[in-house]
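Number of protein chains: 4
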Amino acid sequence: MSYGERRTDLAVEARELWRRSAADTDALAGVEAFESQEEGFGVTTVQVLNEEGQKKLCKPIGEYVTIEIGALLRREEDAFARAVGVLAGHIRSLLDLHGDERILIVGLGNSSITADAIGPEALRYILVTRHLKQQMADKFPGFRDVSALRSGVLGTTGMESAELVCAVTEKLRPDRVVALDALASCSMDRLCRTVQLTDTGIVPGSGVGNHRAALNRETLGIPVLAVGVPTVVEAATLAIELAERAGSKNLDPSLFGESGDMIVTPRDIDSRVHDAAKLIGYALNVAFHDKLTVDDVDLFL
Amino acid sequence: MSYGERRTDLAVEARELWRRSAADTDALAGVEAFESQEEGFGVTTVQVLNEEGQKKLCKPIGEYVTIEIGALLRREEDAFARAVGVLAGHIRSLLDLHGDERILIVGLGNSSITADAIGPEALRYILVTRHLKQQMADKFPGFRDVSALRSGVLGTTGMESAELVCAVTEKLRPDRVVALDALASCSMDRLCRTVQLTDTGIVPGSGVGNHRAALNRETLGIPVLAVGVPTVVEAATLAIELAERAGSKNLDPSLFGESGDMIVTPRDIDSRVHDAAKLIGYALNVAFHDKLTVDDVDLFL
Amino acid sequence: MSYGERRTDLAVEARELWRRSAADTDALAGVEAFESQEEGFGVTTVQVLNEEGQKKLCKPIGEYVTIEIGALLRREEDAFARAVGVLAGHIRSLLDLHGDERILIVGLGNSSITADAIGPEALRYILVTRHLKQQMADKFPGFRDVSALRSGVLGTTGMESAELVCAVTEKLRPDRVVALDALASCSMDRLCRTVQLTDTGIVPGSGVGNHRAALNRETLGIPVLAVGVPTVVEAATLAIELAERAGSKNLDPSLFGESGDMIVTPRDIDSRVHDAAKLIGYALNVAFHDKLTVDDVDLFL
Amino acid sequence: MSYGERRTDLAVEARELWRRSAADTDALAGVEAFESQEEGFGVTTVQVLNEEGQKKLCKPIGEYVTIEIGALLRREEDAFARAVGVLAGHIRSLLDLHGDERILIVGLGNSSITADAIGPEALRYILVTRHLKQQMADKFPGFRDVSALRSGVLGTTGMESAELVCAVTEKLRPDRVVALDALASCSMDRLCRTVQLTDTGIVPGSGVGNHRAALNRETLGIPVLAVGVPTVVEAATLAIELAERAGSKNLDPSLFGESGDMIVTPRDIDSRVHDAAKLIGYALNVAFHDKLTVDDVDLFL
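Protein chains in written order, with the numbering used here: chain A, 1 to 301; chain B, 1 to 301; chain C, 1 to 301; chain D, 1 to 301.
Hints listed in this document are in silico derivations from the structure and should not be mistaken for laboratory results.
Please note that a few of the clues may not be correct.
Said to hold, decoys possible - Between beta-carbon pairs, the in silico distance windows are: (1) C/E39 to B/D295: 55 to 65 angstroms; (2) D/E76 to C/D78: 51 to 61 angstroms; (3) D/E76 to B/R217: 41 to 51 angstroms; (4) D/E76 to B/P141: 12 to 22 angstroms.
Don't be surprised by glycine CBs; every beta carbon is placed ideally from N, CA and C.
Starting from the given sequences, assemble the full structure and let the hints guide the process.
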């Protein structure tokens, strides 16, 4: 890419960037993608098939499902319940649920920064059942054993999120981990309008440019689903994009050097994060507890 | 300006922009500015003297004092107490305090959006005394009568901030109003590193592009001091700046059209807002209550 | 009463106390009461008819409707929607709504104290429409003009709640005011299990024993509905009750003298306050916006 | 005890209760206690020496230091700094600090219930250093390696606090654990006016009557200091006390049966919890980081 590195956590964008930068004749071998419409929502599935694909997209081998939730944000009729259904279906599928799996849901991110609060906000909507199942297992048929953890932030805990999640996973021995986090996009149009589900796990805070330990099957020993919502574009990424569109060749790469680390977010970030977090929370409940409906969740919360 | 309108709430930046855009020989009549160092902090005072100056800078006639608090953020020795002292001095001066004035402090902005939370955050550090003075006036010599109001946000109150502040001002009849708010800058380097004090008041939410009723001497009938901290650059302003630096002539003005309203903030916005809000809160306490020190404020909070 | 003053904000309890203390043959003239079942909830209406009744119950002349929501707390089938319907009906009736009245909803109480947070918590569920109606009045047929105000607390504002509410009422000129607050009961069994609606208004913080200005038709000039939930029993009231039940005659009245002001609350006060606040918020929405259902409210929040 | 079981988490109260219930001639063998004044604060040390003492007081063998902080609450001159110093000295002593011990501080309790929020509130004042020491160990001489954990509550995590603390202790392998929690007292006069430090650890939520796994040297394998502040009296305990004082013999033990679990707290619980939490946070910082002063901590927070 001629203007340096754009930063994105979305496989669907990484694929677009690769295609824009490559010559027309290049094949994007090692990566497959297909699009569909589900209940009125656009769904794009990107599969990184092998190491060649991994190298090209800089994304681990695995499946990435992106669901466009713009219809939800326009508050179309029944949009919320339909979006919950679509997400719940993909969550069950990517986690390969078929029995009585025990689930640990982790909310990553910093609740003091609105754009980083998707994880902790979504936890507010989670129906936690582990303690109930342990006390009266037979009273809750159809409910999976679900526990939840806020990872907090390094500056106030002194622990990396991955350290805490590893510690708890070793102790509780769940069958699956779900990690919720805010992501970085390279397109302002996708901010808070997309949910990415992937079975490749996540590097906590990767959206904020720190290299940290991953949460994935390799590090935790069990399947890890990452659920992410892009809430920021890095200012440096925006600058590259703008310069490219402007046809300029002489953008000074040190332009952001003095200003430190800047991010671009929607002005109404609070209501957008609220909407996305609620959607994710409800979808996880419906995915994990058989026969539960959106109305049931309303009743409990 | 060749690339449309940059948005800034800082008089010191409006002056810079005017000078950049004007021919060398143009005089910026109607505006005076001077710089100084106070206790190690850079202080710039811009005076808009008349209608010509007002028109050029798009800022009302009056005085704008900008204090650079970068030294504070680097946690230099005694920086906090020194910054409190510098601010408190200018607050007293701009409000023309000399007796037993009663003060209403208003925290504008949305506490759910980190970058907009300067006002409500600063209120957490305010020593409110009105109720104590009313009950036992003679027990608190040297303390002014201070009350505080969170204006809330339109979407959750249904009221413009100015409506609420007018209502309370008419009821309480204070002698001075201080309005605290987050501002928009056109420079990323100034974000959370500058405090602007002005006797011209403020248009609440002007930083977010809505045209709303002003809080100033004309609308409230008493002197109004606005204390603001720039926390965001509008993405459109950033784009203009970038295009200009890149020497590009063909930046598409509709570039941000689809993306809605975007803002640029520092990634560590939470700790920066905390630091600035604490500084402002302490400075107001020290300005209004004679002989009070930073240590005294620590004791009460 | 032989053991001093029990404290209650509930008319239904004041009536019980009077009857217990009075001789069998005394008539409680000036007060009428009747009980009914509505949608499975027990409803008691107490009418204080004249000054004799007012003096006996120490409650202003007017109507007091008490709804027992225990069934809701047991999470019975459809209980939430049924309770919302019952409350909404009484809210409309007590406020004498028949046209396009503009409503100001005030959340009294201290959000930092769980037991006092009913008011501010309930506001979180309110659909505010005043700003929308003002901008596009004809776009919202069937929706009344609703605004909302958190009164804050004296220690952080320096203003009595009544001062603030008066100021805003004078400015906005609504047709009705609804005041939400936590109440004191004299029975632990009623804590968070009862909602009292009354057209007599409220003295903010009366539940906490301070004599403050009232919010009622007399002070505000318009009908005022108070919606309250008992969340505390004063420790002194509990002591009186216990002593009476124990048949003791020698309870030391100074027993609580040294300990300062103590209150009794349920241990799970957080979830009980949450449940009651949500119920009240939904009921107000359904009462004020014609044809709105519980599901509609879920969609907007 | 003639009126059933009073509940207290304070060793100093358990000793008083034993002495009141015992005949004059009984010796309280196995328990020693002595009182002193330190910097104007009353300090009582109770030592449970052996199994006889343990059985009598229902408190594990070990040392319990109780510091009366009433002087602090009256905001006496320098009271805060003096109280920090007294606590810090006992913290260092009970934890047997002499080198470069790594410390994990755990905030137990429910931040949504004001009276249970001492733990999470105190964490807000903790200077966490583990991540800094790991990155640049030699840059922070005199600072110990401190990490912090909020245990959350069972209903929202599905995990017992002890499970989470054990998991993290096994992973991080600190040398010491400090557990912060709200306690139950049997005296209203002690609420929020006392801090208990003990080297015997704690049973999380023991203050709320649930039998849960302990956090102590036996379960965690390292020294555990519990720092607790009494914030509630159980209503049942209050009833027993009242009945005893009233000389009544016929208090119905089922009196509280229907009402569920009730607690007594001060009405101004929010400011009392804030004051105690701040004191504890500062004292831990001063105890763990050599040469740090109260003013230094102010600078960092």
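- Does the structure break any of the earlier hints, and which numbers would those be? Result: no hint breaks.
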